[in-house]
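All chains, please: the whole structure from these sequences, using the hints.
Protein chains: 2
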Amino acid sequence: MDARRLLLTDLYQLTMLEAYWREGFTATAVFELFVRKLPSSRNFLLTAGIEAALDYLESARFTADELDYLARTNRFSAEFLRWLATWRFEGDVDALPEGTLFFPDEPMLRVTAPMPQAQLIETRLVNLLQYPTMVASKAARCVLAAPGRTLVEFGARRAHGAESALSAARAAYLAGFSGTSNVLAGQTWEIPVFGTMAHSYVMAHDEEWRAFVEFARAQPDNVVLLIDTYDVMAGVEEVLRAADVLQRESIAVRAVRLDSGDVGAQARQVRRRLDQAGRSEIGIFASGDLDESRLAELVGEDAPIDGYGVGTKLTTCADAPYLSIVYKLQEYDGIPRRKTSRGKQTWPGAKQIDRITDRSGRWQHDRLALADEPRQGMPLLVPVMRGGRRTNEPESLETVRRRTAEQLDMLPEPWRRLEPAPPFPVQVSDAVQRLAHEVDRRHRHAAPHGPRHTR
Amino acid sequence: MDARRLLLTDLYQLTMLEAYWREGFTATAVFELFVRKLPSSRNFLLTAGIEAALDYLESARFTADELDYLARTNRFSAEFLRWLATWRFEGDVDALPEGTLFFPDEPMLRVTAPMPQAQLIETRLVNLLQYPTMVASKAARCVLAAPGRTLVEFGARRAHGAESALSAARAAYLAGFSGTSNVLAGQTWEIPVFGTMAHSYVMAHDEEWRAFVEFARAQPDNVVLLIDTYDVMAGVEEVLRAADVLQRESIAVRAVRLDSGDVGAQARQVRRRLDQAGRSEIGIFASGDLDESRLAELVGEDAPIDGYGVGTKLTTCADAPYLSIVYKLQEYDGIPRRKTSRGKQTWPGAKQIDRITDRSGRWQHDRLALADEPRQGMPLLVPVMRGGRRTNEPESLETVRRRTAEQLDMLPEPWRRLEPAPPFPVQVSDAVQRLAHEVDRRHRHAAPHGPRHTR
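Protein chains in written order, with my numbering: chain G, 1 to 455; chain W, 1 to 455.
Calculated from the structure, these hints are not laboratory results.
Keep in mind the model is a prediction, meaning the values are calculated, not measured.
Ideal placement from N, C-alpha and C gives every residue a C-beta, glycine not left out.
There could be a bad hint or two in this list.
[Claimed, not checked] Derived Cβ-Cβ restraints for the label pairs, each shown as a range:
1) G:Glu406 with W:Met410: 53 to 61 Å
2) G:Ala421 with W:Asn74: 41 to 49 Å
3) W:Met410 with G:Pro394: 51 to 59 Å
4) W:Gly334 with G:Gln247: 30 to 38 Å
Structure below.
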């Protein structure tokens with residue numbers, strides 16, 4: 001499937017589009033994409049997915065077969081479908097650079113474009129930005145929980161589909177992971193790729209030590225041996241036997257891998273046995289049911305583990321598998337707009353985030369202000385697209401990784417802890433608040449048909 | 001991204017592959033794909049994703065650019081990479097037809113193929129089968145919770161990527177949903193597509209009733225009006241005003257939509273007001289934060305709601321975003337295999353599931369038996385691929401929907417309830433248990449280097 005297909009959208013985007021087209025609603029709209037509320041197990045979010053979103057906006061077109069399908073549904077006029085064939089995104093986008101930490105109500109992306117362009121992209125834009133941001137945010141928590149450790153993304157198989165698997169590897173890497181087991185991610189973005197062996201490999205051999213020796217001969221530069229197929233401590237003995245054989249062939253065993261049970265307790269036993277046998281050069285790698293909490297436990301108990309594979313719980317964001325992420329109209333035809341449904345109110349107008357820091361660069365608070373207010377701190381949203389074209393080449397992942405690391409350094413306590421913290425202070429500027437009141441007042445005057453004014 | 005790319009895999013599949021190739025381990029392997037344990041909020045699983053898995057197996061090849069990348073990693077020998085270029089899946093697959101209910105430890109798919117073919121596909125096969133099965137299972141719970149109601153899959157935007165969005169729409173439909181909002185799913189599988197309007201459409205207009213009128217004129221056959229952008233009961237008055245205008249143009253308002261707050265309470269108020277105004281023909285459609293539990297509540301309180309849009313919580317499987325789904329070696333070169341890691345033991349051998357029913361067809365229990373044992377009930381796994389080719393044309397989604405409906409009819413209490421039930425009885429045949437003991441005994445003899453026999 002071509003991930004840029006415009007039909008990957010909700011039908012209502014197209015029905016609204018026909019209405020806008022029919023009404024001539026082609027004035028400029030400002031939409032902002034933001035998260036309403038953090039999951040209880042997050043103190044911050046980390047931006048990812050912007051590059052994929054820009055790729056989509058630059059290349060999205062209706063294909064002939066898509067237009068044929070729409071015609072067959074008998075829902076749309078032929079003239080509208082002819083117009084759809086010419087649809088392009090030619091708007092402006094301002095966004096948080098990937099690797100930027102942000103908080104609820106802060107726009108991570110703002111679209112300024114003629115209404116029919118700005119509206120149609122909603123479904124896929126949310127879809128492209130939510131998931132990488134979720135994974136990057138959780139991966140950053142893993143990095144904070146296990147500082148300096150080698151962390152590898154291992155979760156392709158249980159990610160929700162192919163795009164998810166691929167995108168998770170990139171998001172984890174930009175958050176500070178050392179690499180991924182996903183080979184396609186390695187090819188696509190030159191992310192370092194890690195791998196060991198599966199239980200099935202050991203099981204296919206009649207003797208465990210022979211499996212180890214054969215594997216090492218085939219992959220002499222990267223010998224990591226999985227020792228928990230049957231019994232861990234018996235597995236260590238098999239490794240020691242294999243290591244002796246391999247040493248005569250100048251092949252070194254780099255590490256053993258634990259993948260089940262209490263890997264902390266096992267690692268201590270395994271470390272002791274390896275050291276006792278004079279094999280302190282063999283490291284220990286652990287995987288299996290890991291997430292940031294388990295990493296913090298293992299690091300806290302000083303488990304002798306050199307690297308971790310973090311899989312399913314990261315790529316499915318198991319403790320918070322979705323965000324209250326929305327794409328909301330803030331202004332149309334120069335007039336600010338605001339939704340007031342219970343519990344879903346939004347701040348109107350095109351906005352900017354100012355980040356206010358102390359002298360050391362440590363963050364004090366953010367300020368949600370209008371885009372054209374005088375700035376009170378570092379503005380976080382930057383121009384990334386003008387007239388439907390990127391303003392700059394895509395950033396390298398290394399640049400994004402450095403930004404993430406700097407941001408995580410500047411994030412103060414208690415937001416860098418795994419434990420839930422009170423909300424990071426985001427002040428709403430007086431101008432934004434005044435605007436919200438004005439919009440409400442205007443709406444009350446314009447809609448005299450509600451029960452407040454029963455005829 | 002081409003979803004059939006073989007590099008969408010874990011590196012260890014390729015390192016093991018080189019070892020197998022080098023060792024000449026090309027004998028036949030039997031792998032089974034199954035779920036170890038149900039999430040606490042599931043009493044059954046519903047098979048989906050088989051067709052996509054077969055597409056993958058039929059078409060998976062290494063592309064030239066993939067082989068170039070692998071060469072650049074300097075991890076693999078040139079001769080091995082030349083052999084990889086010829087890799088094809090030419091094995092046999094037996095599987096549960098889509099729309100089959102199944103339980104833990106029961107294989108949903110069995111692969112019989114030369115080891116290097118059977119192993120390489122693991123990562124993507126699990127990835128292709130887990131997610132649709134999860135969504136179909138949760139969607140089936142929604143169908144059981146709201147029997148006879150129109151249920152529409154609405155969750156593309158918060159699904160984890162494009163493939164997830166597309167696959168969720170299909171899985172929900174085969175489980176008994178009436179359709180989806182996802183237009184690409186409509187095009188791909190001719191699934192009925194539903195859509196209304198977004199809050200932004202209402203907000204772009206200065207007056208709510210005018211937004212309604214204009215939308216209806218553009219989409220006269222499908223007028224569903226969203227009434228909670230500002231105030232629900234004021235919104236109803238705007239609908240009534242619009243309905244009067246539209247009536248003169250022979251356009252009927254089909255329904256109103258509620259998308260926030262307590263939709264049950266709101267629906268009662270809205271229903272009363274619509275009826276009082278002589279508009280009983282206007283239905284009520286609800287969405288927003290729905291899942292099977294909320295559906296059961298709304299149905300239980302007899303909320304006057306005609307249809308439901310079920311979104312984020314379904315497409316992210318929010319209460320159970322992954323399964324303990326695994327692909328395990330059961331036999332290699334005619335010898336049964338078994339993993340014995342703590343808590344991860346498997347039943348060895350190529351297996352079949354017999355479903356034992358009473359005279360009315362209602363299920364009594366399942367039996368996990370060897371594939372070549374005499375059958376004691378309806379065998380559930382059927383041949384779907386021989387020699388790398390499908391044995392039959394893909395089933396139509398309508399056929400799968402009928403199977404699901406029949407299976408849900410035959411599923412007895414208490415497993416059809418939303419509340420957690422004790423495990424469905426799955427008996428393990430004597431022959432399987434005997435085989436497990438034999439494998440354990442053989443392994444103990446073959447591995448005399450563990451701590452039990454310290455030298």
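For each hint, the structure was consulted:
1. G:Glu406 with W:Met410: 53 to 61 Å: Holds: the Cβ-Cβ distance is about 59 Å, inside 53 to 61 Å.
2. G:Ala421 with W:Asn74: 41 to 49 Å: 45 Å, holds
3. W:Met410 with G:Pro394: 51 to 59 Å: 54 Å, holds
4. W:Gly334 with G:Gln247: 30 to 38 Å: The hint (30 to 38 Å, Cβ to Cβ) holds, given that Gly334 of chain W and Gln247 of chain G are roughly 34 Å apart.
The structure is consistent with each of the numbered hints, conforming to all of them.
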